[in-house]
Every structure is written in structure tokens, then in C-alpha cells.
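Asker: Taken in order, these protein sequences are the chains called A and B.
Okay, so the first sequence: first residue is 1 according to the numbering used here, each after it adds one.
Okay, so the second sequence: first residue is 1 according to the numbering used here, each after it adds one.
Don't take each hint at face value.
[Unchecked claim] Interface residues of chain B toward chain A, partial, derived using beta-carbon atoms under 7 Å:
(1) Leu5
(2) Thr31
(3) Arg35
(4) Asn38
(5) Gly94
(6) Pro95
(7) Ala96
(8) Val97
(9) Met100
(10) Ala172
(11) Ser175
(12) Pro179
[Said to hold, decoys possible] Beta-carbon label-pair distances, calculated as ranges:
(13) A/Ala5 <-> B/Arg216: 50 to 60 Å
(14) B/Gly132 <-> A/Arg124: 51 to 61 Å
(15) B/Ser200 <-> A/Val94: 50 to 60 Å
(16) B/Asp242 <-> A/Phe18: 27 to 37 Å
(17) B/Ala249 <-> A/Arg124: 27 to 37 Å
(18) B/Pro139 <-> A/Arg91: 30 to 40 Å
(19) B/Thr51 <-> A/Phe97: 17 to 27 Å
No lab work stands behind these hints: they were computed from the structure.
All C-beta atoms, glycine included, are put in the ideal place defined by N, C-alpha and C.
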Amino acid sequence: MPKVAIRFTLNGSEAAEFVESGTTLLGALRDKLGETSVKGGCLQGTCGACSVIIDGALKLSCLTLAESCQDARIETVAALARGGLLHPLQRAFVETFATQCGFCTSGMLMAAKALLDHNATPSREDVIEAISGNICRCTGYEPIIQAILAASRAATSTAA
Amino acid sequence: MSLTLATFEGVHKAALALCTARGAHYIGGGTLLVRRANEGDLSIETFVRVTDPGLAAITLGPGRITLGASVPMAAIAARSELGALARAAKTIGGPAVRNMASVGGNLFAPSPYGDLGVALLALDAGVSIESGAGREEIPLETFYTRRQRLPSGSIVTAVSFARAALANLRFAKVSRVKPKGSAVLTIAAVLAEQDGVVSSASIALGCMAEAPMRARAAEAALLGRKLTREGIAPALAAATADTAPPTDAIASAWYRRQVLPVHLGRLLVG
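Chain B extracted, bound-state conformation (with noise of 0.2 Å):
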């Protein structure tokens, strides 16, 4: 079976191309797509990718950061702008990795992997998506929930979300293999306090779903609460609420529901 290359300039092209060349698929720095292809999918015939520089930028801006789809791990983890978001973008794969894999490949990660996205989704993030049809941006959260069936030539060009939020970011990933290892889990929380309490909470977790996924019930149990062991018990115990971890080479469901409210409270309070 033949595979082909098919190069655009601009996004809309490479829309219709998704729509009408064989087998076509969408690749960014090929880290999940060329793998696919090298361990024989044969669904996989022709490599779609979009040459504009503009999907590899990242834009600061007054209120919103937006990350291009192109950019590349490293190019977030050597942003200090970035604070704990560039953290989490350097506890993914090694050097080699991080210089290829993309931002709008992550959100396409399966689990173990995808930790990038878990922060993103913690921080409210929203999808932008080009299409035949048009363009559109939705939020994260309901992106996870269509990205294995997404219209035809839907490409995904960049990801934004509040740079206030940025600030308030928390991130951990858990896993076995020290410096670098697959995802036992993976825990992001954008927390803000007044008056002493949680005032709003946003918690997702990554390796606890199919997708990554947002811990609602520990945030409603967060709200009102201080920061402190017995202010946090009731969001720990929570946490699992309406998980379905996946049991895989790195560990088992069990495992990961007994250890997320561990990692979670360590997250919270340090």
C-alpha cells in the first residue's frame, strides 16, 4: 500500500483534500500519525499538512493567549511567559518530542497521553476548527466529547483561552518512569480564592476517561472551602465521581482511582 504526502499553503485547501484524497489524515509533527502508519494502519493513505507559518505562532495578547496548532512542545516550554502551562509541556516525551509533537496533535493524544490538553482544558480553553463549512470555536470540554468524529476536513488551527486564568494555573503529572514516563495520570486546576476561600475551581484530569475530562463534582465541592486538608476532603472524595479510567501497560483503573485523590490533595495543598 502507498502512502502520499499532500502539502498545502493555507488551511482551506487542505480541508478539501481531507475530503477527497484516499485514506486522508491531518498530520502535525507526525509523533502520533506516522507512528500509526509505521506499525501498518492501513486506513492511513495520504499525510495532509498545512505549511502556513501563521499555525505555528503563539500570540500573547492583552486579554487571550492563543496558541497556533503547529507549535511545537518545545516551543511552549521555552516560554516563561507560559508559567506552569510551559511546565507541562516539558514533562512531554523527550527533547526530540517536544520539537516535533504540535499542540493540535495533543488534542488528539489517546490515553496515557495528551497531558498538554489536560491543562488546557483546565484553563477553559477554546478550540478553533476550519472546515469546509466555515470556521468555528468551541469550548475544549465539548471538543473532547467530538474529536473521534468530527466533520470531514475539519482541521483544528489553534487553541486560546484567558490569560488571567494563566496565573491561577496548577499542574502535575503522575507517572512511574523518572525523569520521563507515560501518564498514570495527569491533574490540572485553575483555582481562584477570595475572602480566604475557593471562589470558582476548574479541575480536569487526564488518563481518568477515554478523553481527558473535567472533575465537576470536586469542583462544586471545592467552592466555598479553604485551601487546607479538612477544607479539600470533600472535593477528594469526590474526585473520582464519574471517572472511567482505562486499564492499560502503565496501570490498571483500580490503581488509578485509588491514587487520584492522593495526587489531587497534594495538588491542592501541596
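This is chain A alone, in the form it adopts within the complex (with noise of 0.2 Å):
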């Protein structure tokens, strides 16, 4: 099978491996590089498990082909906590029950940071069409809604 360099920032950090041609983001983020904070669900981009941020915009690495982020700046789940502190999201998630079995966390967690990094401030409507893309079959939603709307409130007052 021909191999093919690709490169790109993972994380703040540079990232360079080789791996076979028509790989998709998923398997070189997990097989080659070993960012398993990135989970594969369904493969067939409806569960959202495995959503990642691209160069600003939320996408599904499990349909995303890895040639062709070549140079990009590709953000996981891993990169939310600084320094020993988890992210405001992960602390509204962990104080709101919003993860439980936690295999869709990674992807709802990206898709949050997506929303707020857009709207910083953004309504329960906001919250509901920025997840509708990520499936979750523990909590019902509503804890995921209150843990985005609360590290929103967090950020601002923060902020303020």
C-alpha cells in the first residue's frame, strides 16, 4: 500500500507520520499518533463521537480524510485542559452529570468548544442545534444543554 507524509498542527504541536493513502483523520489520529482522546463510533458521520475542530470549524474525522489536512490546525478533546485544569466545559460536565458512560464526551465536548468559540454567549437554541450532530444515549441531553449554558455563564462572568 503506498504511504503518504502528512503533517499538521495537533494540539499547538507539530505532527508529521506517515500512513497508507485514503486513511481517514480518525485512524491516523488514533492508530498512528495515538490521540485516543478521539473516539470512533458509528463511521458514518451520524454519531458525532468522533467530531474534531479543523481550522475553526467542527468536523467529523471518521469522513475526513487525513491527506487532506495537510498544514491545517486540527484541536481534540485532549488539548481543552491547561496546565492540570480541566477546561470550563469539562468542569460544567463533570459538576452537571453531563458524561456518564462517556463515549460520546469527546465529540459533545468539541462541539461546545466549536459554539462557544463562535458565540460566547449563546442560547438554549444555540446549544440545542450546536449538538444536534452528536448522539448521546445516557443522558437524556438535558445535563449536556445545562453544562454548555453554565460554561457560558462561567466564561462571561469570568469575563466581566
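Quick one: dock chain against chain with the hints and give me the complex.
Answerer: In C-alpha cells:
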């Protein structure tokens, strides 16, 4: 199988690897770069578990070819915590019991981060829309919605 | 089996690769094709993509609006000038899918997907196709009858439609899951009125046949009629003519036929 070189910025650090041509970003991240914080769920673009942020836009790593990400800036959930401190979104997820089995959480957090990066004070409808491509089979969604709204309020009050 | 991604700056060389590479398929945003590959579709051996930024352009001309084939749904949804078409784009997938799924790909999406194409069909859009034989523009309605058997090496590069029609576009996507779900059916209509009655009507249906279709009988039944409950009754009675809806996990063919007149009525008179 032909191998190709891929290089991009992963969570602020340069990452480079040889992958088989046609490899998905999900496969490259997990199997080549050890970035197992990204979860593979349906592999059909339906569940959102594999969501990452590529050049500022939320995308599905299971349907993105690694070679199409040359020189891109990729963020995964592993980039959220800094210096041993949880990101406000992660803290809110813990405090509102927004994670149970945890399989959807990586994707949910990235969907939430993509929302707050563009809209610091989202409405409840904005939040529902933002996570509409992410499936959770444990929580019933309400704790996740509350967590994202709480994180937004916390960030806004900190900034004020 | 190995997969290969072949990247080209322009359409011409990509069209050539589609003709010569083993198991070659054109890839837009990947939401259809990579999904098929992940599901084990062995007919896919080579992904062919084009990076020409011109394919990702939205051109708002004075007379016509052109959407490049690589324009993602999110870019359309973000353009308020696109009115109901922007709202139609926003009904597709979640944010991640909208950041990836392209206009060109949407035209190839099988039922129950391809909602944007339904709106474009009501707008009487034209499809630009390039191949080794040259470039042609065909009506979207014609495209839908040929999309499974386009000549090898054909690449959809853009869709365009009259700007005037956009102001009269109405769109409805019916789904069971809120806020987002696959379509039970999709309806789009472009209506013009003169002297209080319908002077022209274009109605497109999604999930009512193998590909989006025009509701010609309903369109004819609307002409000269008022947009009232009584006025649209003949159109609603004719709405299911020539339809052959699929039965799938979302809805049965019977159910789709039953609810189409209800939702068409709501779209026409609110």
C-alpha cells in the first residue's frame, strides 16, 4: 500500500507521520499518533463521537481523509485542559453530570467548544442546534445542554 | 484493499484521472463517499479531489446566483442573502456535517438525503458539468434522471439559478427527530402570483421517488388558482401523481403518500 507523509498542527504541536493513502483522520490520529481521546463510533457521520475542530470548524474525523489536512490546525478534546486544570466546559460537564458512559463526551465537548468559540453567549436553542449532530444514549441531553450554558455563563462572568 | 487519494488543482486533470484510475470516484466533502468506503464498498479504490478555490465560490450576480460544487452547506446557511435556500441548508445534518457536505455531493445524495437539491430543483437550477468532452450546463431535472449514468470523467462544477426566483422560494423539511433528523419528505416551491391568482408554479419533492422530482400535476393544478384552502385543493389532490416513494427506516411509502398533501398544503397557505 502506498504511504504518504502527513503533517499538521495537533493541539498546538507539530505532528508528522506516514499513513496509508486514503486513511481517515480518525485512523491517523488514533492509530498513528496515539491520540485516542478521539473516539470512533458509527464511522458514518451520524453519531458525532469523532468530532474535532479543523482550522476552526467542527468536522467529523471519521469522514475526513488525513491527507486533506496537510498544514491544518487540528484540535481534539485533549487540548482543552491546560496545566492540570480542566477547561470550563469540562468542569461544567462534571458538575452537571453531563457525562455518564463518556463515549460521546469527546465529541460533545468539541461541538460545544466550536459553538462557544463563535458565540460566547448562546441561547438554549443555539446549544441544541450545536449538538444536534452528536448522539448521547445516556444522559437524555438535558444535562449536556445545562453544562454548556453553565460554561458559557462562567466564562462570561469571568470576563466581565 | 488499498485506497488512494489523488489530488488535482484543476478539474481537467481530475476528469482524466476519473477515467483512468482504478475504482475512481470524485470526492467532495466526504460525507457520502468516505462513509461508503468505511462501510466496506469495495468499488471505491481511488478518491479524486480538486482543490481549485473557484469551486468553493458563491457568486451573487445581478441576474443569476452560482454556487460552486465544493461550497459547504455551512457557507450557504451563513449567507442571509440566500433567504430560504440558506434556511434549507441549515436543516441538513449537524454543524460538523454542514461544514463538510458540499453542494455537488448533495446532488448525488440518495433518498432520504439531498434536501438542498430539492430546493434547487424548485428554483429550476442548472448544473454545470465538465468532462474530457468539454463543459455543458443541463437542467437539474435532467441531471436527476442521469445522475447514476453520467459519462465517465464527469465532474459537477457548479449549480446556478435565477436570482429573481429565490425571493419566492418556500421550503419545508419534514422529519420525526427534532431538531434534526433525516427527511420523511422535503418540499420546495417557487410560486408567482398575478391579479391574486397563481401565474407560475414550480414544486419539487424529495423522498417521493428515487431522486428529487417535480410535482408537475400539482403545478398545473395551481395555475390560475388562489392560494387559499379551496384554491389549492386540486393541487393537493394531484400532489402524489407520478410519485414512487421509498420505504425505509424513516417512513413507509404509504405514509409518505398520506402526509404529502398535508405538508404541501401547509407550505402553500400556512
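Asker: Confirm or reject each hint.
Answerer: Each hint, compared with the structure:
Annotation: interface hint on B/Leu5 holds; nearest CB of chain A at approximately 5 Å, less than 7 Å. Proximity of B/Thr31 to chain A holds as hinted, the smallest CB-CB distance being about 5 Å (cut-off 7 Å). Interface restraint check for B/Arg35: the shortest CB-CB distance to chain A comes to about 5 Å, inside 7 Å, so the restraint holds. Look at B/Asn38: its Cβ gets to within about 4 Å of chain A, closer than 7 Å, so that hint holds up.
For B/Gly94, the suggested interface contact is upheld, since its CB lies about 2 Å from the closest CB of chain A, less than 7 Å. The beta carbon of B/Pro95 comes within 5 Å of a beta carbon in chain A, closer than 7 Å, and the hint placing it at the interface holds. Here the hint on B/Ala96 is kept, as its CB sits about 5 Å from the closest CB of chain A, short of 7 Å. At its closest, the beta carbon of B/Val97 sits 6 Å from a beta carbon of chain A; the interface hint therefore holds under the 7 Å criterion.
Residue-level restraint check for B/Met100 holds (minimum Cβ-Cβ distance to chain A is 6 Å; threshold 7 Å). Interface restraint check for B/Ala172: the shortest CB-CB distance to chain A comes to about 18 Å, outside 7 Å, so the restraint is violated. Against a cut-off of 7 Å between C-beta atoms, the interface hint on B/Ser175 is violated, since the closest Cβ of chain A lies about 11 Å away. At its closest, the beta carbon of B/Pro179 sits 5 Å from a beta carbon of chain A; the interface hint therefore holds under the 7 Å criterion.
The hinted window of 50 to 60 Å between A/Ala5 and B/Arg216 holds, with their beta carbons roughly 54 Å apart. Checking the proposed 51 to 61 Å range against B/Gly132 and A/Arg124 shows it holds: the Cβ atoms sit about 53 Å from each other. At roughly 58 Å, the beta carbons of B/Ser200 and A/Val94 sit within the given window of 50 to 60 Å. About 54 Å separates the C-beta atoms of B/Asp242 and A/Phe18, a value inconsistent with the hinted range of 27 to 37 Å.
Checked against the hint of 27 to 37 Å, the C-beta distance between B/Ala249 and A/Arg124 comes to roughly 29 Å, which is consistent with it. Against the hinted window of 30 to 40 Å, the Cβ-Cβ separation of B/Pro139 and A/Arg91 comes to about 55 Å, which falls outside the hint. At about 45 Å, the CB distance of B/Thr51 to A/Phe97 disagrees with the hint of 17 to 27 Å.
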